[in-house]
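Q: One-letter residues, chain by chain:
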Amino acid sequence: MANSPSRTVPTPMADPAAVEPSVRVGTDPIDVAAETDALTAGRTDVGAVVAFTGLCRDEAGRLAVLELEHYPGMAEAEIGRIAAQAAARWPLLGLRVVHRSGPIRPGEVIVLVAAASAHRAAAFEAASFLMDFLKTRAPFWKKEHLADGSEGSWVEARDADDAAAEKWAHLRTEG
Amino acid sequence: MRVVYFAWVRERVGLEEEDVEVPAEVKTAGDLVSWLRERSPGHAFALEEPDIIRIAVDRVHAQPDQPIAGAREVALFPPMTGG
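First to last, the sequence lines map onto chains F and W.
As numbered in the working numbering, the first sequence has no gaps in its residue numbers, which increase by one up to the final residue, 175.
As numbered in the working numbering, the second sequence has no gaps in its residue numbers, which increase by one up to the final residue, 258.
These are calculated hints, taken from the structure and not from any lab test.
Note that the structure is predicted; figures quoted are calculated from it, not measured.
Which chain W residues face chain F? A few, computed with CB under 7 Å, are given here:
id: 1; residue: 182
id: 2; residue: 183
id: 3; residue: 254
id: 4; residue: 258
Chain W regions said to be covered by chain F (calculated; three or more residues, Cβ under 8 Å):
id: 5; segment: 230 to 240
id: 6; segment: 245 to 253
Don't be surprised by glycine CBs; every beta carbon is placed ideally from N, CA and C.
Produce the complete structure using the sequences and hints provided.
A: Take a look at the structure:
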């Protein structure tokens with residue numbers, strides 16, 4: 001859909017109770033256990049943690065390396081805006097988003113979204129919401145480098161991802 | 176104004192970024208895309224289908240009708256494929 005990422009999602013009202021999300025973009029490998037542990041360390045009010053990890057596939061042996069390009073400054077800011085919307089919409093106790101940039105090999109983690117809440121629905125929905133909008137609005141681009149050494153191509157955006165983000169405008173919020 | 180390019184838009188233009196003096200009649204982000212197409216064959220190739228080009232003005236997503244007066248940085252890039 002032309003220009004669909006430019007649709008504005010309303011900026012959440014300032015809510016002093018909303019959790020402050022943690023957002024990072026970098027070339028270091030993502031330590032999933034450490035990130036999820038950080039959501040529960042030193043507290044006993046968390047009843048649910050949902051962690052989504054997106055991994056680099058080898059595409060049946062075809063792919064050698066996936067190269068992640070991003071827009072420094074905007075990538076962090078845009079993920080931060082999406083995370084703030086999630087924190088305003090669901091009663092979260094913690095929210096962490098980590099996204100890799102640079103070369104990534106099959107089997108490595110590209111992205112982690114981890115949400116903590118008292119009850120499971122908020123954590124499940126917030127993590128799903130984050131991923132759907134991250135896919136269509138966070139300025140990252142994937143280029144394939146192939147195992148046979150040939151020049152790979154840029155991964156094309158999927159209409160299904162636009163549809164997944166669009167559905168949140170119509171869904172009732174649980175939690 | 177600085178214009179920055181990413182992914183295959185960057186490759187086709189042949190530049191990561193450039194500083195441009197935009198004439199007064201170029202008022203919107205969409206006007207800027209049309210104006211940039213005239214700069215080189217690489218620009219024309221990168222921006223030949225303006226409907227699929229995404230735009231950010233000062234690091235926030237923008238529509239083609241957004242005014243660019245006062246903008247410091249406009250980014251042009253393909254649909255995003257992160258996550």
